[in-house]
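Listed in order, the protein sequences are those of chains S and D.
Following this note's numbering, the residues of the first sequence are numbered contiguously, the last one being 206.
Following this note's numbering, the residues of the second sequence are numbered contiguously, the last one being 206.
Please keep in mind that the hints were generated in silico from the structure rather than gathered at the bench.
Fair warning: this is a prediction, and the values are worked out from it, not measured in the lab.
Just so you know, not all the hints are guaranteed correct.
Simulated crosslink set (EDC-like; lysine to aspartate or glutamate; CA at most 20 Å straight-line) [stated by the list, open to error]: (1) K117(S) <-> E174(S); (2) K123(D) <-> E80(S); (3) K27(D) <-> E38(S); (4) K105(S) <-> E134(D); (5) K123(D) <-> E38(S); (6) K27(D) <-> E27(S); (7) K82(S) <-> E21(D); (8) K142(S) <-> E203(S); (9) K123(D) <-> E43(D); (10) K142(S) <-> E176(S); (11) K82(S) <-> E26(D); (12) K105(S) <-> D86(D); (13) K117(S) <-> E22(S); (14) K123(D) <-> E22(S); (15) K142(S) <-> D88(S); (16) K27(D) <-> E81(S); (17) K123(D) <-> E81(S); (18) K142(S) <-> E26(D); (19) K27(D) <-> E80(S); (20) K27(D) <-> E76(S); (21) K27(D) <-> E179(S); (22) K123(D) <-> E27(S); (23) K123(D) <-> D88(S); (24) K123(D) <-> E160(D).
According to the in silico footprint, chain S covers these stretches of chain D (three or more CB under 8 Å from chain S) [unchecked claim]: (25) 36 to 42; (26) 61 to 71.
In this text, a Cβ means the ideal position worked out from N, Cα and C, and glycines have one as well.
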Amino acid sequence: MNGVHDMGGMDGFGPVVAERNEPVFHEHWEAVVRTIFERTNGRYFNLDEFRRSLERMPPDAYLRAGYYEKWLFAIESILEEKGVVAADELAGGRPSSPAPSPLPKSGPAPSQAPRFKPGDRIVTRNLHPQGHTRLPRYARGKRGLVRRHYGSFALPDSNAHGRGPDFQPCYAVEFEARELWGSEARTGDRVCIDLWESYLESEVSV
Amino acid sequence: MSDQHHPEAPSDVEARTLALESLLREKGVLTSEDVDRVISAYEQDIGPMIGAHLVARAWVDPAYRQRLLHDAPSAVRELGYEYRADTRLVVIPNEPGVHNMVVCTLCSCYPWMVLGLPPTWYKSAPYRSRAVREPRAVLAELGLQLPDAMAINVWDSSSEVRYMILPERPPGTEGWTEEALAAIVTRDCMIGVARPQAPALTGAPR
């Protein structure tokens, strides 16, 4: 989805400011959120479903919230959606039903013949799905070069929506900065993005 | 606490977190030791010292460097660390004339298995939006001025691959022990927003 989470190339957020001697957690509740995530991720939901849940936070709230506040929102929504907690339980603080059985462990990715190989020239498709995707907006309809083939990964566009993993070959694809950002970018600078096969077309076939 | 990126937690976030935690404990999803275990893991065991160990070993042992670049998870285990992640670690070497850095524009993917949890700036909108488009300006704000002739490769972590940068060994460290070398490899060097310096060459502290 074309949401505010897809931040690559946006302006207006100000400078990058590093905090000196930053603690691992600033507040105890952040560690609790992290723990809840680690105990439930892969057990009641997959990581793509979690990311889709984050992306459904209203855009104004997403931009205002700190990192673990976003996570809390995403965890509450996904656990409710998966029936691990119910809205009345959250409001009342008392459990009314047991947690469901954990998801079965997903099998290994199949071995698939990749369509592309390192050195191939590709063009990314100009896709704008309403649902979750990992093809960033700034890299749609752009020419690039396949650098590495990583084997097959679950396609987030499918796996985030309960439609199964739909394993596909995934590649590290290199783009010239000028292809992405125009003539203001430095010649020689590049951006590499991991992209699934269905995001790509062969350059010669377009 | 940085006032820019980490506003005071509204009490409702903390209250919601504790309510969810208590509910999940009653349902048997969490135990009371889980939070302490997570805090202790990220405060003691999983942090940039792991990445620094890999880098220092790669600097003194060319065969290890090849294994690290070819199969990073095995190279992590080889040094005695557990590799429990579902995600794959890939190590990208800096080379003469090419500097590499890592970002996740779509969320905050980070090589936590070798660097621990990410700093707040890495997860912030300014870094996520600007690293792919104006990497030189971002690096300058974080204290790194690159020579004009050096090209930049930015790795946008969009899949279940987690990237770590293998910095170049700085001049002035000939004959150093692995331990001494590891001590100059900071977290930021392995994200790619700093470069290791031998102490004699180090400028003003950031």
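Going down the list of hints, with the structure as the test:
1. Taking the CA atoms of K117(S) and E174(S), the gap is near 13 Å; set against the 20 Å cutoff, the hint holds.
2. This hinted pair does not check out: K123(D) and E80(S) have alpha carbons roughly 26 Å apart, beyond 20 Å.
3. Restraint check: the Cα-Cα separation between K27(D) and E38(S) comes to about 16 Å, which is no more than 20 Å; the hinted pair holds.
4. Taken as a hint, the K105(S) and E134(D) pair is broken in the structure, with Cα atoms around 41 Å apart against an allowance of 20 Å.
5. The suggested pairing of K123(D) with E38(S) holds, with an alpha-carbon distance near 18 Å, which does not exceed 20 Å.
6. A hinted pair counts as satisfied when its Cα atoms are at most 20 Å apart, and K27(D) with E27(S) does not qualify at roughly 25 Å.
7. Proximity of K82(S) to E21(D) is assessed by CA-CA distance (about 17 Å); at most 20 Å being required, the pair is judged to hold.
8. For the hint pairing K142(S) with E203(S), the CA-to-CA distance comes to about 10 Å; that is within 20 Å, so the pair holds.
9. Restraint check for K123(D) and E43(D): the C-alpha separation of about 19 Å stays at or below 20 Å, so the hint holds.
10. With a C-alpha separation of about 10 Å, the suggested pairing of K142(S) with E176(S) holds against the 20 Å cut-off.
11. For the hint pairing K82(S) with E26(D), the CA-to-CA distance comes to about 17 Å; that is within 20 Å, so the pair holds.
12. The suggested pairing of K105(S) with D86(D) holds, with an alpha-carbon distance near 12 Å, which does not exceed 20 Å.
13. A threshold of 20 Å between alpha carbons decides the hint, and for K117(S) with E22(S) the separation of about 42 Å lies outside it, so the pair is violated.
14. Restraint check for K123(D) and E22(S): satisfied, since their Cα atoms lie roughly 13 Å apart, inside the 20 Å limit.
15. Annotation: proposed proximity of K142(S) to D88(S) is violated, straight-line Cα distance about 47 Å (limit 20 Å).
16. The suggested pairing of K27(D) with E81(S) holds, with an alpha-carbon distance near 16 Å, which does not exceed 20 Å.
17. Restraint check for K123(D) and E81(S): the C-alpha separation of about 26 Å exceeds 20 Å, so the hint is violated.
18. Between K142(S) and E26(D) the alpha-carbon distance is near 51 Å, which puts this suggested pair outside the 20 Å criterion.
19. Restraint check for K27(D) and E80(S): satisfied, since their Cα atoms lie roughly 14 Å apart, inside the 20 Å limit.
20. Of the supplied pair hints, the one linking K27(D) and E76(S) holds, its CA atoms being roughly 15 Å apart against a limit of 20 Å.
21. Distance hint between K27(D) and E179(S) is unfulfilled; the C-alpha atoms sit about 52 Å from each other, more than 20 Å.
22. Taken as a hint, the K123(D) and E27(S) pair is honoured in the structure, with Cα atoms around 17 Å apart against an allowance of 20 Å.
23. With a C-alpha separation of about 32 Å, the suggested pair K123(D) and D88(S) falls outside the 20 Å cut-off, and the hint is violated.
24. Restraint check: the Cα-Cα separation between K123(D) and E160(D) comes to about 17 Å, which is no more than 20 Å; the hinted pair holds.
25. Coverage of the region 36 to 42 of chain D by chain S holds in this model, with 4 residues showing a Cβ closer than 8 Å to a Cβ of that chain against a need of three.
26. Only residues whose C-beta sits within less than 8 Å of a C-beta in chain S count toward coverage, and the region 61 to 71 of chain D has 0 of them, not enough to reach three; the restraint is violated.
In summary, the structure is inconsistent with hints 2, 4, 6, 13, 15, 17, 18, 21, 23 and 26 from the numbered list given earlier, while agreeing with the others.
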